[in-house]
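**Q** Given next are the chains, with one letter for each unit.
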Amino acid sequence: MASVTLEHVKKVYDKNVVAVHDFNLQIKDKEFVVFVGPSGCGKSTTLRMVAGLEDISDGILKIGDRVVNDVEPKDRDIAMVFQNYALYPHISVYENMAFSLRLRKMDKEEIHRRVCQAAEILGITEYLGRKPKALSGGQRQRVAIGRAIVRDPAVFLMDEPLSNLDAKLRNQMRAEIILLRKRVDTTFIYVTHDQTEAMTLGDRIVVMKDGYIQQVGTPQEVFDTPVNLFVAGFIGSPQMNFLKAKLIQSGNGYSVELLGTTIPLNPDQNQALAAKGVKTQEIILGVRPEHTTVLFDNKENAIECTINVNEMMGSELHLHLSSQNKDKIIVRLPTVDLSKEQRAQLSYGNKMYITFPAKVMHLFDPTSEKNLIYG
Amino acid sequence: MSEKKQIPEVDIVVDHEAGVIREVKPEHLRSKSGHEKRINGSIYAVLILISIIWLAPFVFLVFQSFRSYATESGAMVAYLLPKQWSLDNYVWLLTDPSSKFLRWYGNTLIVAIFCAVLQTFMVLSVSYTLSRLRFRGRKLIMNVVLVLGMFPGFLTMITLYFLLKQLGLTQSGAVPGMILIYVASSGMGYYISKGFFDTIPKSLDESARIDGATRLQVFRMIIMPLAKPIVIYTVLMAFMAPWGDYVFASYIAFGSEPNYNVAVGLYQWVNVADYQGFFTRFCAGGVLVAMPITALFLALQKYYVEGVTGGAVKG
Numbered sequence: 557m558a559s560v561t562l563e564h565v566k567k568v569y570d571k572n573v574v575a576v577h578d579f580n581l582q583i584k585d586k587e588f589v590v591f592v593g594p595s596g597c598g599k600s601t602t603l604r605m606v607a608g609l610e611d612i613s614d615g616i617l618k619i620g621d622r623v624v625n626d627v628e629p630k631d632r633d634i635a636m637v638f639q640n641y642a643l644y645p646h647i648s649v650y651e652n653m654a655f656s657l658r659l660r661k662m663d664k665e666e667i668h669r670r671v672c673q674a675a676e677i678l679g680i681t682e683y684l685g686r687k688p689k690a691l692s693g694g695q696r697q698r699v700a701i702g703r704a705i706v707r708d709p710a711v712f713l714m715d716e717p718l719s720n721l722d723a724k725l726r727n728q729m730r731a732e733i734i735l736l737r738k739r740v741d742t743t744f745i746y747v748t749h750d751q752t753e754a755m756t757l758g759d760r761i762v763v764m765k766d767g768y769i770q771q772v773g774t775p776q777e778v779f780d781t782p783v784n785l786f787v788a789g790f791i792g793s794p795q796m797n798f799l800k801a802k803l804i805q806s807g808n809g810y811s812v813e814l815l816g817t818t819i820p821l822n823p824d825q826n827q828a829l830a831a832k833g834v835k836t837q838e839i840i841l842g843v844r845p846e847h848t849t850v851l852f853d854n855k856e857n858a859i860e861c862t863i864n865v866n867e868m869m870g871s872e873l874h875l876h877l878s879s880q881n882k883d884k885i886i887v888r889l890p891t892v893d894l895s896k897e898q899r900a901q902l903s904y905g906n907k908m909y910i911t912f913p914a915k916v917m918h919l920f921d922p923t924s925e926k927n928l929i930y931g
Numbered sequence: 008m009s010e011k012k013q014i015p016e017v018d019i020v021v022d023h024e025a026g027v028i029r030e031v032k033p034e035h036l037r038s039k040s041g042h043e044k045r046i047n048g049s050i051y052a053v054l055i056l057i058s059i060i061w062l063a064p065f066v067f068l069v070f071q072s073f074r075s076y077a078t079e080s081g082a083m084v085a086y087l088l089p090k091q092w093s094l095d096n097y098v099w100l101l102t103d104p105s106s107k108f109l110r111w112y113g114n115t116l117i118v119a120i121f122c123a124v125l126q127t128f129m130v131l132s133v134s135y136t137l138s139r140l141r142f143r144g145r146k147l148i149m150n151v152v153l154v155l156g157m158f159p160g161f162l163t164m165i166t167l168y169f170l171l172k173q174l175g176l177t178q179s180g181a182v183p184g185m186i187l188i189y190v191a192s193s194g195m196g197y198y199i200s201k202g203f204f205d206t207i208p209k210s211l212d213e214s215a216r217i218d219g220a221t222r223l224q225v226f227r228m229i230i231m232p233l234a235k236p237i238v239i240y241t242v243l244m245a246f247m248a249p250w251g252d253y254v255f256a257s258y259i260a261f262g263s264e265p266n267y268n269v270a271v272g273l274y275q276w277v278n279v280a281d282y283q284g285f286f287t288r289f290c291a292g293g294v295l296v297a298m299p300i301t302a303l304f305l306a307l308q309k310y311y312v313e314g315v316t317g318g319a320v321k322g
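One line per chain: the protein sequences are X and H, in this order. In terms of my numbering, the first sequence is residues 557 to 931. In terms of my numbering, the second sequence is residues 8 to 322.
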């Protein structure tokens, strides 16, 4: 159990390729932090620096109060789960899990107790005698996790542990990791490119892109108040819709002009914008697919769209729409309240109308790509 | 009731051009056409011919070695099958006081065993290092070594001889001298085993290091057990090269009979010694030399093939 502190940590490869720029983060004891971002954003590199598998080019890394920049991985009191499991193929599951304890010259009975306990937690007791080859992907991943928990490490690192599993198993294992976290109760750093994993697992999410931290916050914060276009687009599925619009200042208030409609902002939004001294300007308006209301008949301030694609997801529909000036908009529409006639109307080429309240709107500056209120 | 699985005796084939469905005998039931048979036949004929040419000298050698030294001459003769079979030649090689065969055999064995151990250690260390560690000049070293390896070793013969002479490792010191020469540059043969190590996922090393192993422990406890085929391949190669070497051995031990290896010694018999008298003994010696290598190969060929083809280990 320990905190992890990264101060101005930087990773530069040969030929001056910078993988991670000035990474600053304080991870509290027993916190579950998720690094999320597209591939090549530096999230795995950062994790590997914490593990000691990559040298730190610059900056300070502390585990607990100890600076560990030059400490060997084995002396950092960490455990890591790899994407490809990295089980030792030539020894049994039991020996895989006991490996680190044996290296530590731990008492035989204690080893046995710990391995059995971990196996019990993960439900792999019956496979202890098998070789990794004889296990399925999900079972292998359990063994990999078991190998980490027998050590009772100060920090638990996971590098895309679910990426090699099929969709169903991934959901199941995700839930199990949440349970596991309750039982193990230590500091977790988890790397993924999957925003769903990030949202469901993390106490805090670190969104990364091109070696820079974009935003750090709780899943709710990152979802509700994305600081820039990238975070807004990356978190949430389907992706947030981005529309060209205009922000108009008139007196003390602001309103957004979009496709011939004008939507006045809320008082707190007005206040925030005024405090930042924002003037009338072009903006990119972000609206999440789940925050739009779909109307079958026109209404004041509704935006007229044409249906391009209707994706049936079961409990809801994903409608891909295009506005009059060809903006692409995706909306989510729960199916439960739809009448037969309404369903029939939701087909290619038909007209629909959408509205959304001011409070769900995210306003981004087109050049800096920053959120005008939170950025 | 046991039901026999029916293998269909016809395949259904849709002939789109004619617009009909045809029943065709499946591949394994179709009788081979005459054309196919002829091609197969000629391939086998060529292969048989090649193996006869290839095996003939060895068969000849074995026959000659069993010819009776007492009743027939020890020289070359114009017939293949011995008139009288006997173990005369072998007995003489192994027991006669004037035969230095055992001494030579011993020399060779010592050199080969030392080489097998030391060279394997060198090759595996070098190739593991080149496969796993990243350091400045790694690529350069690999390329330079690769290019150097294309020059025949004999180019260095004269230099090496004088170097060894300075160290007192020629003639009477020939055995340690030979070991030194074979082992010294053996790391250059890293190529195949590096390729093999490259197929073992790096995350295994990393995982073990996080689990608390030192680099050496990773190598010993994780990599070595997985690299069994390549270890065996390397041992075999390291054993065989000095076992059959003539050129280096002949000049390092030049003129010092007790320090010959078996190849040089046997050659001296048919060359300088009594050629006519020693031919069958030479053959018997050849058979004895071939035996351990053949046995090793037969026992380990499964691993050998795995080692050469590499990539047989899945992570």
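Be aware that a few hints might be false.
[Unchecked claim] No more than 30 Å apart at the CA atoms, straight line, and that leaves these computed lysine-lysine pairs for BS3-like: (1) K724(X) to K235(H); (2) K146(H) to K630(X); (3) K146(H) to K661(X); (4) K235(H) to K689(X); (5) K235(H) to K661(X); (6) K209(H) to K566(X); (7) K107(H) to K618(X); (8) K146(H) to K689(X); (9) K566(X) to K146(H); (10) K146(H) to K687(X); (11) K209(H) to K689(X).
[Said to hold, decoys possible] Here are a few chain X residues that face chain H, going by a calculated C-beta distance under 8 Å: (12) V627; (13) P629; (14) M636; (15) Y644; (16) H646; (17) T836; (18) Y930.
[Said to hold, decoys possible] Label-pair restraints from in silico Cβ distances: (19) L170(H) to D766(X): 20 to 26 Å; (20) D626(X) to S132(H): 23 to 29 Å; (21) F161(H) to D614(X): 29 to 35 Å; (22) F142(H) to K584(X): 54 to 60 Å; (23) R622(X) to F142(H): 26 to 32 Å; (24) D766(X) to G160(H): 38 to 44 Å; (25) D614(X) to L170(H): 43 to 49 Å; (26) D759(X) to L155(H): 31 to 37 Å; (27) Y198(H) to G789(X): 44 to 50 Å.
The set of hints was computed from the structure by calculation and includes no laboratory data. Think of the CB as a built atom: it goes at the ideal place given N, C-alpha and C, for glycine as much as any other residue.
**Q** A separate judgement is required for each hint: does it hold in the structure or not?
**A** Here is what the structure says about each hint:
Of the supplied pair hints, the one linking K724(X) and K235(H) is violated, its CA atoms being roughly 37 Å apart against a limit of 30 Å. Restraint check for K146(H) and K630(X): satisfied, since their Cα atoms lie roughly 28 Å apart, inside the 30 Å limit. Restraint check for K146(H) and K661(X): not satisfied, since their Cα atoms lie roughly 39 Å apart, outside the 30 Å limit. With a C-alpha separation of about 17 Å, the suggested pairing of K235(H) with K689(X) holds against the 30 Å cut-off.
With a CA separation close to 26 Å, the supplied pair K235(H) and K661(X) stays within the 30 Å bound. Proposed proximity of K209(H) and K566(X) is supported: the alpha carbons are some 23 Å apart, at most 30 Å. A distance of roughly 70 Å separates the Cα atoms of K107(H) and K618(X); the hinted pair therefore is violated under the 30 Å criterion. At roughly 34 Å between alpha-carbon atoms, K146(H) and K689(X) are farther apart than 30 Å, so this suggested pair is violated.
Straight-line distance between C-alpha atoms of K566(X) and K146(H) comes to about 26 Å, which keeps the hinted pair within the 30 Å bound. The straight-line distance between the Cα atoms of K146(H) and K687(X) is roughly 36 Å, outside the 30 Å bound, and the hint therefore fails. A hinted pair counts as satisfied when its Cα atoms are at most 30 Å apart, and K209(H) with K689(X) qualifies at roughly 18 Å. A cut of 8 Å between beta carbons decides the hint on V627(X): the least distance to chain H is about 12 Å, and the hint is violated.
The interface hint given for P629(X) is met, as the beta carbon of that residue sits about 5 Å from the closest beta carbon of chain H, less than 8 Å. For M636(X), the shortest C-beta to C-beta distance to chain H is roughly 5 Å, which falls under 8 Å, so the interface hint holds. Because the smallest distance between the Cβ of Y644(X) and any Cβ of chain H comes to about 6 Å, under 8 Å, the interface hint for this residue holds. This hint holds: H646(X) has a C-beta 4 Å from the nearest C-beta of chain H, less than the 8 Å allowed.
Look at T836(X): its Cβ only gets to about 55 Å from chain H, farther than 8 Å, so that hint breaks. With a least beta-carbon distance of about 38 Å to chain H, the hint placing Y930(X) at the interface is violated under the 8 Å criterion. The beta-carbon spacing between L170(H) and D766(X), approximately 56 Å, falls outside the hinted interval of 20 to 26 Å. D626(X) and S132(H) have their C-beta atoms about 25 Å apart, which keeps the hinted 23 to 29 Å range intact.
For the pair F161(H) and D614(X), the beta carbons lie near 52 Å from each other, so the given range of 29 to 35 Å is not met. Taken as a hint, the range 54 to 60 Å is violated for the pair F142(H) and K584(X), whose Cβ atoms sit roughly 37 Å apart. Checked against the hint of 26 to 32 Å, the C-beta distance between R622(X) and F142(H) comes to roughly 27 Å, which is consistent with it. In this structure, D766(X) and G160(H) break the distance hint of 38 to 44 Å, their C-beta atoms being roughly 51 Å apart.
Between D614(X) and L170(H), the C-beta spacing of about 48 Å keeps the proposed range 43 to 49 Å intact. For the pair D759(X) and L155(H), the beta carbons lie near 57 Å from each other, so the given range of 31 to 37 Å is not met. The given range of 44 to 50 Å is respected by Y198(H) and G789(X), whose C-beta atoms sit roughly 48 Å from each other.
Hint compliance for this structure: hints 1, 3, 7, 8, 10, 12, 17, 18, 19, 21, 22, 24 and 26 are not met, and every other hint is.
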